[in-house]
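Engineer: We have chain A already, so just place chain B on it with the hints.
2 protein chains.
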Amino acid sequence: MPSPFSDRLIDAVRKKQTPLVVGLDPRLDRLPSQLRTSNSGRDPATAADAFEKFCCGIIDVVECQVAAVKPQAAFFEMLGPPGMSALFRVVQHARAKGLIVIMDAKRGDIGSTAEAYAQAYLGDEDNSAWACDCLTVNPYLGDDSLQPFVDRCQQVDCGIFVLVRTSNPGGSMIQETETRDGPLFYTVADHVQQLSARLPGRNGYGSIGAVIGATHPEQLSNLRSRMPNTIFLVPGIGAQGATAKDLAGAFDSNGLGAIINSSRAIIFAWERDEYSGLADDWQRAVEAAAEDTIADIAAETSAGKLLQSES
Amino acid sequence: MPSPFSDRLIDAVRKKQTPLVVGLDPRLDRLPSQLRTSNSGRDPATAADAFEKFCCGIIDVVECQVAAVKPQAAFFEMLGPPGMSALFRVVQHARAKGLIVIMDAKRGDIGSTAEAYAQAYLGDEDNSAWACDCLTVNPYLGDDSLQPFVDRCQQVDCGIFVLVRTSNPGGSMIQETETRDGPLFYTVADHVQQLSARLPGRNGYGSIGAVIGATHPEQLSNLRSRMPNTIFLVPGIGAQGATAKDLAGAFDSNGLGAIINSSRAIIFAWERDEYSGLADDWQRAVEAAAEDTIADIAAETSAGKLLQSES
Numbered sequence: 001m002p003s004p005f006s007d008r009l010i011d012a013v014r015k016k017q018t019p020l021v022v023g024l025d026p027r028l029d030r031l032p033s034q035l036r037t038s039n040s041g042r043d044p045a046t047a048a049d050a051f052e053k054f055c056c057g058i059i060d061v062v063e064c065q066v067a068a069v070k071p072q073a074a075f076f077e078m079l080g081p082p083g084m085s086a087l088f089r090v091v092q093h094a095r096a097k098g099l100i101v102i103m104d105a106k107r108g109d110i111g112s113t114a115e116a117y118a119q120a121y122l123g124d125e126d127n128s129a130w131a132c133d134c135l136t137v138n139p140y141l142g143d144d145s146l147q148p149f150v151d152r153c154q155q156v157d158c159g160i161f162v163l164v165r166t167s168n169p170g171g172s173m174i175q176e177t178e179t180r181d182g183p184l185f186y187t188v189a190d191h192v193q194q195l196s197a198r199l200p201g202r203n204g205y206g207s208i209g210a211v212i213g214a215t216h217p218e219q220l221s222n223l224r225s226r227m228p229n230t231i232f233l234v235p236g237i238g239a240q241g242a243t244a245k246d247l248a249g250a251f252d253s254n255g256l257g258a259i260i261n262s263s264r265a266i267i268f269a270w271e272r273d274e275y276s277g278l279a280d281d282w283q284r285a286v287e288a289a290a291e292d293t294i295a296d297i298a299a300e301t302s303a304g305k306l307l308q309s310e311s
Numbered sequence: 312m313p314s315p316f317s318d319r320l321i322d323a324v325r326k327k328q329t330p331l332v333v334g335l336d337p338r339l340d341r342l343p344s345q346l347r348t349s350n351s352g353r354d355p356a357t358a359a360d361a362f363e364k365f366c367c368g369i370i371d372v373v374e375c376q377v378a379a380v381k382p383q384a385a386f387f388e389m390l391g392p393p394g395m396s397a398l399f400r401v402v403q404h405a406r407a408k409g410l411i412v413i414m415d416a417k418r419g420d421i422g423s424t425a426e427a428y429a430q431a432y433l434g435d436e437d438n439s440a441w442a443c444d445c446l447t448v449n450p451y452l453g454d455d456s457l458q459p460f461v462d463r464c465q466q467v468d469c470g471i472f473v474l475v476r477t478s479n480p481g482g483s484m485i486q487e488t489e490t491r492d493g494p495l496f497y498t499v500a501d502h503v504q505q506l507s508a509r510l511p512g513r514n515g516y517g518s519i520g521a522v523i524g525a526t527h528p529e530q531l532s533n534l535r536s537r538m539p540n541t542i543f544l545v546p547g548i549g550a551q552g553a554t555a556k557d558l559a560g561a562f563d564s565n566g567l568g569a570i571i572n573s574s575r576a577i578i579f580a581w582e583r584d585e586y587s588g589l590a591d592d593w594q595r596a597v598e599a600a601a602e603d604t605i606a607d608i609a610a611e612t613s614a615g616k617l618l619q620s621e622s
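Chains as they are written, first to last, in this note's numbering: chain A, 1 to 311; chain B, 312 to 622.
To be clear, the hints were calculated from the coordinates, so they are not data collected in a lab. From a predicted model like this one, the values you see are computed outputs, not experimental measurements. One or more of the hints may lead you astray.
What follows is a set of in silico ranges between Cβ atoms, one per label pair, in the way DEER data are often shown [claimed, not checked]:
(1) 354(B) - 199(A): 55 to 65 Å
(2) 322(B) - 241(A): 44 to 54 Å
(3) 228(A) - 322(B): 25 to 35 Å
(4) 466(B) - 273(A): 46 to 56 Å
(5) 3(A) - 354(B): 22 to 32 Å
(6) 339(B) - 97(A): 23 to 33 Å
(7) 375(B) - 33(A): 49 to 59 Å
Examples of chain B residues toward chain A, derived with CB under 7 Å [claimed, not checked]:
(8) 339
(9) 390
(10) 419
(11) 484
Where a beta carbon is used, it is the ideal one built from N, C-alpha and C, also for glycine.
Extracted from the complex, chain A is given alone in its bound form (with noise of 0.2 Å):
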């Protein structure tokens, strides 16, 4: 029986004793040298190629290091019909090495619309056409719109994060508007909360997980023993400002209940300092990247005991 998507997050996550997720985010003015081509900024189906091959080589070193990838959407549908095919073979290819794929691309509609987006996201090969494990996907417009991708999640074992305390300054307009309940995430915090613990697994963490930034530690750790049963997906890390102490909040005494997305930091680290010794092999620059970061994690917080426990 196939489990649901929190238990197969989690059994990831301690086989690689790790909750860091690579985020893909491909740029076309920062891939290595090697990857690019006169005209990939101006024909389309070159340039996606490009960020295909990017993104495969990145997968191809982070297999054994991670659980999950995180394409963000946005940069391939930036190149058109191109980029949304190399889109998919990326999703593919991670699936492939076994990793769990949670496509960032912050969808919400409602009724059938919404319905429609959970079937194209989640699911597998036979039921969805991108076949992805997971999906970020935004509130605003309620409960009835957040439900079409619950039921989804329940009917082919998938998970979704729901967009709560983002990472950016500006997120603080909704999101921190004062309501008679407190800030109004809460809302959305609780909302969440409770359509996981209807369907905790077997790890008592829910498929129906929150996006909430690492910017904001305190609200981290706040937002942790109010959602008792809900995973973190954490981005803002490494080239938004948040290090890794400001993440010791986002997990439970067992190291688990988070997961922490870094991209650009991983992704490009062959154009930092730290690693400008190994700037002519791009690809080994982003494992000693997600290397250290790993590292820096588990040193820092209670994930820590993820590398105890299994080592």
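Structural biologist: Just chain B now, kept in the frame of chain A:
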């Protein structure tokens, strides 16, 4: 010199003498029998081909009737890469026919990711992959997540419609949350109004619009006075239950300031009892339903003045 989106849209509405927009929401199980094939439910490429024929067939009918079409991205995404290629060709066909294209994709993200979405969808063939005139955008991530879209609109004379008050019952969960300054959607409404007031076109309306559902008629007129420089995109009539009467508050005294979307009630018109006489000619049924909707809106709202002023 090219005109701002708001003026292009208003000019087109004046020319067609109606604020009606036709939504392109293809669904496999509701295609006209002529466009169905035995395996169109199984093979994504065949299904995508049927979606393209269907949507282009609608465009061929309504190009003389309305100013704009609104493709719903979700239904194309459901078919994977072949669906995205079909969407691309549907957009091209609509633009070739002189129609304004509003991509209903409800995108939203932060920083450079929002920039990528803006560039993906807004612009012309030389600078944008999908080359639409306008995009729907989700505001949950706050003002700094909207800004890349706003900047792009100014650079390439395009527009966005920001979700303010949606037509679904669950929309109240976040949008109606009581804050110090009224319901939360006022916060979004006031921000959108500020953005549009900064760059009004020659008709007084800016290119940063708002999605306000027709299912809340009292809020429509309330927001009409609160947002004097903002064009509304109003979904919710037809299949979602609102009627032309409910739309009256959306318009200014000249019959401008709002465009009205109808999708299912028009594009699947041959399934409706009213048009059963046209069941064998789906395109004539679409034409008749659009014509009737146009007449209803003209009869029940100040948009009827568009007819007088041009005839």
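Engineer: Can residue 390(B) be said to touch chain A, with a Cβ gap under 7 Å?
Structural biologist: Since the shortest Cβ distance to chain A is 6 Å, the answer is holds.
Engineer: Can residue 419(B) be said to touch chain A, with a Cβ gap under 7 Å?
Structural biologist: 6 Å, holds
Engineer: With chain A as the partner, please determine if residue 339(B) meets the hint condition of a C-beta pair closer than 7 Å.
Structural biologist: 10 Å, violated
Engineer: Verify the CB-CB distance for residue 228(A) and residue 322(B) against the hinted window 25 to 35 Å.
Structural biologist: Given about 56 Å between the Cβ atoms, the range is violated.
Engineer: Confirm or reject the claim that residue 322(B) and residue 241(A) have a C-beta distance inside 44 to 54 Å.
Structural biologist: 45 Å, holds
Engineer: Please check whether residue 484(B) passes as an interface residue: C-beta within 7 Å of a C-beta belonging to chain A.
Structural biologist: With a closest approach of 4 Å, the residue 484(B) hint holds.
Engineer: Okay, residue 466(B) versus residue 273(A) on CB: inside 46 to 56 Å?
Structural biologist: Violated - the Cβ-Cβ distance for residue 466(B) and residue 273(A), about 34 Å, lies outside 46 to 56 Å.
Engineer: Range first: 23 to 33 Å. Now tell me if the beta carbons of residue 339(B) and residue 97(A) are that far apart.
Structural biologist: 32 Å, holds
Engineer: Has the hinted range 22 to 32 Å been met by the Cβ atoms of residue 3(A) and residue 354(B)?
Structural biologist: At roughly 31 Å between Cβ atoms, residue 354(B) and residue 3(A) fall inside 22 to 32 Å, so the hint holds.
Engineer: Is the gap between the beta carbons of residue 354(B) and residue 199(A) within 55 to 65 Å?
Structural biologist: 34 Å, violated
Engineer: Does 49 to 59 Å hold as the CB distance between residue 375(B) and residue 33(A), or does it fail?
Structural biologist: 52 Å, holds
Violated hints for the displayed structure, listed by number in ascending order: 1, 3, 4, 8.
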